[in-house]
Amino acid sequence: MSDTPTKVVVDCSTGVTEVLPLTAQEIADMETARVAAEDQRKAAEAEAAAVAAAKKSANAKLAALGLTAEEIAALTK
Amino acid sequence: MATTYTLISSNTLTSTTASVTFSSIPATYTDLVLRASTRATTGTITVQPTITFNGTGGTAYSKTYLRFLASASFETGISSSQPNQIPYMVNGNTSAASTFSNTEIYIPNYTLTVAKPMSFSGTIGNNTSTGQIDKEAWYFSNTAAITSITLTASFASDSSFYLYGIKNS
Chain A
1 MSDTPTKVVV DCSTGVTEVL PLTAQEIADM ETARVAAEDQ RKAAEAEAAA
51 VAAAKKSANA KLAALGLTAE EIAALTK
Chain B
1 MATTYTLISS NTLTSTTASV TFSSIPATYT DLVLRASTRA TTGTITVQPT
51 ITFNGTGGTA YSKTYLRFLA SASFETGISS SQPNQIPYMV NGNTSAASTF
101 SNTEIYIPNY TLTVAKPMSF SGTIGNNTST GQIDKEAWYF SNTAAITSIT
151 LTASFASDSS FYLYGIKNS
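Residue numbers (this note's numbering), protein chains in the order written: chain A, 1 to 77; chain B, 1 to 169.
These are computed hints drawn from the structure, not numbers from a lab.
One or more hints might be untrue.
Claimed, not checked - Covered, in the sense of this in silico footprint (three residues per stretch, anywhere, with C-beta under 8 Å from a C-beta of chain B), are these stretches of chain A:
id, stretch
1, 3-10
2, 13-19
3, 46-56
Said to hold, decoys possible - Here are some, though not all, of the chain A residues that point toward chain B, as calculated from beta-carbon distances under 8 Å:
id, residue
4, L22
5, M30
6, A33
7, E38
8, Q40
9, K42
Don't be surprised by glycine CBs; every beta carbon is placed ideally from N, CA and C.
Start from the sequences and build out the full structure, keeping to the hints where you can.
Okay, here's the thing in structure tokens:
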């Protein structure tokens, strides 16, 4: 059996810090948030990879047309 | 450091902890600064903790981000209408051993009853030899004064959190 996750609550008005076990609802909410954040990160990475692949493909096509590497670089600056 | 820069509260974790909340934040300052040195016990090299203000849910959060990665490439984006929180990045379980991300969140005019733009700056261990820079503009559309801040992740022991208040005079 795994330990129940805990949370730390710092009361700024009193300076008192409590360590409390998470409720079942808090655990479920945390998992939902974690999955949503991870999905978003993966989507951002996939988008960045797609842009990089498109750029590489475009550069290859420009090179096939006879442009030099310097000319291609100048186009993208 | 400005003489008006005052430590409100801090906490250093002594065991793995699922969330850290600063509650009952006094309304006696102009701005807030949250600084943290954290590492998560989950994920791979990087992990995305989330931050919530006043326990507010819904789509009150959005952000624009710019990241400079260890691969010397940039990553940019806009995330509108974030559900219930803003995700950001810290070192994860397989980042270099004993390395902690540093995070600074600046919250201006936190007591005003208006929507609140804020900034995030972070340095993350992207692999064993290089780091990653993350700069983000956050927007919290809720107009209530901020009285609590919750950061959620499986934070590792020795992660530390410092909340400062700054007065404009």
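Against the structure, the hints:
1. 3-10: holds (count 6)
2. 13-19: Held - the stretch 13-19 of chain A has 5 residues with a Cβ nearer than 8 Å to chain B, which meets the minimum of three.
3. 46-56: holds (count 3)
4. L22: For A:L22, the interface hint holds, since the closest Cβ of chain B sits about 6 Å away, which is under 8 Å.
5. M30: For A:M30, the interface hint holds, since the closest Cβ of chain B sits about 6 Å away, which is under 8 Å.
6. A33: holds, 5 Å
7. E38: Holds: closest Cβ of chain B sits about 7 Å from A:E38, inside 8 Å.
8. Q40: holds, 6 Å
9. K42: violated, 11 Å
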